[in-house]
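Chains as they are written, first to last, in UniProt numbering: chain V, 1 to 269; chain X, 1 to 306.
Worth flagging that the hints you see were computed from the coordinates, not collected in a lab. These numbers were taken from a predicted model, which means no experiment stands behind them. We put the CB at the ideal spot given by N, CA and C, even for glycine. It cannot be assumed that every hint is accurate.
[As the list claims (entries may be wrong)] Pulled from the structure, derived: some chain X residues nowhere near chain V, Cβ distances all over 10 Å:
#1 ILE8
#2 GLY9
#3 LEU95
#4 GLY140
#5 GLY156
#6 ALA188
#7 ASN199
#8 ASP208
#9 PHE216
#10 VAL219
#11 ASN255
#12 PHE270
[What the hints assert, rightly or not] Using 27 Å as the maximum straight-line C-alpha spacing, the simulated DSSO-like pairs for lysine-lysine come out as follows:
#13 V:LYS174 x X:LYS4
#14 V:LYS215 x V:LYS64
#15 X:LYS3 x V:LYS174
#16 V:LYS3 x X:LYS152
#17 V:LYS256 x X:LYS98
#18 V:LYS2 x X:LYS214
#19 X:LYS3 x V:LYS178
#20 X:LYS152 x V:LYS2
#21 X:LYS101 x V:LYS3
#22 V:LYS94 x V:LYS3
#23 X:LYS218 x V:LYS256
#24 X:LYS4 x V:LYS178
#25 X:LYS4 x V:LYS94
#26 V:LYS3 x X:LYS51
#27 X:LYS166 x V:LYS94
#28 V:LYS174 x X:LYS2
#29 V:LYS256 x X:LYS101
#30 V:LYS3 x X:LYS98
#31 X:LYS166 x X:LYS147
#32 X:LYS206 x V:LYS3
#33 X:LYS2 x V:LYS94
#34 V:LYS124 x X:LYS51
#35 X:LYS218 x X:LYS206
#36 X:LYS206 x X:LYS101
#37 X:LYS206 x V:LYS2
#38 V:LYS178 x X:LYS2
#39 V:LYS2 x X:LYS218
#40 V:LYS2 x X:LYS51
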Amino acid sequence: MKKFFSYFFLVIIAIYIITPLYVLLATTFKPLNEIGVSDMWNLPQHWSLRGIIKAFQKLLPNLKNSFYLTIPATIISAFIGSINGYVFSKVRFKGANIVFALILFGMFIPYQSVLFPLIRFLQKINLYGTITGLIIVHIVYGIPITTLIFRNYYSEVPNELVEAAYMDGAGFFKTYSKVLFPISIPAFVVVIIWQFTSIWNEFLFAVTVTSNPAKQPITVALVNLAGSQVVEWNVQMAGAIITALPTIIIYVLLGKYFIRGLLAGSVKE
Amino acid sequence: MKKKNLLIGIFVILPSIIAIAIFVYGFISWTARTSFSNWNSFSALLRGQYKFVGLRNYIRLFQDSRFQTDLWNTLFFTIFFLFGTISLGIIMAILVDKGLKGSRWFQNLFLFPMAISFVVTGTVWSWIFAPGNIPSNPQGLNLLLHKLGLDKLMWGWYTSTQTIGKFNVALIPVIIAAMWQLSGYTMAMYLAGLRGIPNDIIEAAKVDGASEWKIFWKVKMPLLTPITLSAFIILGHISLKIFDLVFAMTGSGPNFVTDVPAIYMFELTFRSNRYALGSAIAIIMLLFVAVVIIPYLVTNLRGEKR
């Protein structure tokens, strides 16, 4: 009986989670004439790829932009976080904790509080409205979280390991490349998933830094798709699927690390 | 040798420190400075005639009925969203943690919305909660209710201008969408906590004859207090600055029923060139978040030292 109730509630919650997914898929594969108001909850009678093809044509440039943006920003911020994490966990310098806390605070600020100066700054250095500008933004504001994750990871590594390398005459960088870096793969996986997902999904910086539709990442293009006069729901839902697909693929393939990344983002593990 | 490594170490993090100093603290003070200025048009900004107007922008905001709505919306959104997401997250965690057949499958399903952008979430839920013309031509969920013969339950969802006291009922669909996105994440936090509780504590309580219900409330929940606190802080700071979800799902809504400070800030700064007013909202948002985050950071890092 108890088991029955558990399953009952699990299924109810599952319906809540699945409903948008169902609507998304069902609408995407409907031809336009089936999108009438009255049959939104039905499965398509004639499956059509029109919606997804049209959405793909419209969003392809922005999909590319998102990859151009997300891949370098993710890789660079991961490396910066890794070397910072090394310093904050293994090099004991005075005031390290205060400096770290000041950096960490940058992770929580509402980005609205830096947005206007940021835009002015990007205009001044001629990177406003460019993907390069957005990459820089994501690298800088990614520093707190990537540093945090690597610092937590390296603090589990025994200090003796690093000390021994120093004893053997390895310098600062050699110790990093020969001792720490080779054992960092799990942390890199977590950080890369975290950064890829959050940069891919980001909207506020994207919409304010890039005003030219040709330069916009896919999240902005998706919202603009809805703004056009006639709402073609099949195209829009297809657009939502295309936008979500890369991060869903990561989630499906690397679920375990995805969850670890999520939890690392909550400061304390 | 040690001293040399220390110097190199500091040298290595210096670029990050400088970047954060400029991009976080420098820009925040720049925004604060703008919020005390008269830059409420593009020409004022171009002329660069910076004039200090004290708290004028702030006073204007607090007298502005749209901003007052924003503050009430933030308050109610935060309360209901936190309460809803944390309760649902706990329920999900308990159910999944029972080790029933297929619970792994449910766990993965509940977590998957986290992988998705708020913009996508907003787009999809805006379609589900689209009210259509009631009662002649219902859409979305209203259509489903109509099909089930529950016509009386149809309403305007996020287009409704009804209020209960200061609470705009149009926020309900937005809260449901936000919960959809983040309850799985909350579940993951609680699962991590539940799995960290040593088994002998539970066994001891069982031997004492405590019911499952009692064990949960008297033994497990107190041990999970740090998790609950983290959940409050993380969800709370998300809710105080919520933007993309509302932007993609409803915008401000009729009579600003679903408006939030972040949306108003965006419109003031980037649509009407009222930089000083927009900056004032940004600083108010920062203060809200700081009140929650700073004590949390301080206690967390202090705790680590010991």
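Tested hints:
1. ILE8: Violated, because the least Cβ-Cβ distance between ILE8 of chain X and chain V comes to about 4 Å, which does not exceed 10 Å.
2. GLY9: violated (4 Å)
3. LEU95: For LEU95 of chain X, whose nearest Cβ neighbour in chain V is about 5 Å away, the distance does not exceed 10 Å, so it is violated.
4. GLY140: Not fine: 7 Å to the nearest Cβ puts GLY140 of chain X too close to chain V.
5. GLY156: The assertion about GLY156 of chain X holds, with a minimum of 16 Å to chain V.
6. ALA188: With a cut-off of 10 Å, ALA188 of chain X comes too close to chain V, as the shortest Cβ separation is near 6 Å.
7. ASN199: holds (20 Å)
8. ASP208: holds (21 Å)
9. PHE216: The claim holds: PHE216 of chain X sits with its nearest Cβ about 14 Å from chain V, beyond 10 Å.
10. VAL219: holds (19 Å)
11. ASN255: Since the minimum Cβ distance to chain V is about 21 Å, ASN255 of chain X lies beyond 10 Å and the statement holds.
12. PHE270: Given that some Cβ of chain V is not farther than 10 Å from that of PHE270 of chain X, nearest at about 6 Å, it is violated.
13. V:LYS174 x X:LYS4: Roughly 13 Å between the alpha carbons, so the hint for LYS174 of chain V and LYS4 of chain X holds.
14. V:LYS215 x V:LYS64: holds (10 Å)
15. X:LYS3 x V:LYS174: This hinted pair holds, its Cα atoms lying about 16 Å apart.
16. V:LYS3 x X:LYS152: violated (34 Å)
17. V:LYS256 x X:LYS98: holds (20 Å)
18. V:LYS2 x X:LYS214: holds (16 Å)
19. X:LYS3 x V:LYS178: Holds, because 20 Å separates the two Cα atoms, which is no more than 27 Å.
20. X:LYS152 x V:LYS2: violated (34 Å)
21. X:LYS101 x V:LYS3: holds (10 Å)
22. V:LYS94 x V:LYS3: violated (56 Å)
23. X:LYS218 x V:LYS256: At roughly 31 Å apart (the allowed maximum being 27 Å), LYS256 of chain V and LYS218 of chain X break the hint.
24. X:LYS4 x V:LYS178: With Cα atoms ~18 Å apart, LYS4 of chain X and LYS178 of chain V stay inside 27 Å; holds.
25. X:LYS4 x V:LYS94: With a Cα-Cα distance of about 15 Å, the restraint between LYS4 of chain X and LYS94 of chain V holds, given a limit of 27 Å.
26. V:LYS3 x X:LYS51: violated (69 Å)
27. X:LYS166 x V:LYS94: violated (50 Å)
28. V:LYS174 x X:LYS2: holds (14 Å)
29. V:LYS256 x X:LYS101: holds (19 Å)
30. V:LYS3 x X:LYS98: Answer holds: LYS3 of chain V to LYS98 of chain X is near 9 Å, not above 27 Å.
31. X:LYS166 x X:LYS147: violated (33 Å)
32. X:LYS206 x V:LYS3: Distance ~19 Å between LYS206 of chain X and LYS3 of chain V Cα, so the pair holds.
33. X:LYS2 x V:LYS94: Answer holds: LYS2 of chain X to LYS94 of chain V is near 14 Å, not above 27 Å.
34. V:LYS124 x X:LYS51: holds (22 Å)
35. X:LYS218 x X:LYS206: The given pair, whose Cα atoms are some 12 Å apart, holds under the 27 Å limit.
36. X:LYS206 x X:LYS101: holds (23 Å)
37. X:LYS206 x V:LYS2: holds (18 Å)
38. V:LYS178 x X:LYS2: This hinted pair holds, its Cα atoms lying about 18 Å apart.
39. V:LYS2 x X:LYS218: holds (21 Å)
40. V:LYS2 x X:LYS51: It is violated: about 69 Å lies between the C-alpha atoms, which goes past 27 Å.
Against the hints set out earlier in the document, violations occur for numbers 1, 2, 3, 4, 6, 12, 16, 20, 22, 23, 26, 27, 31, 40.
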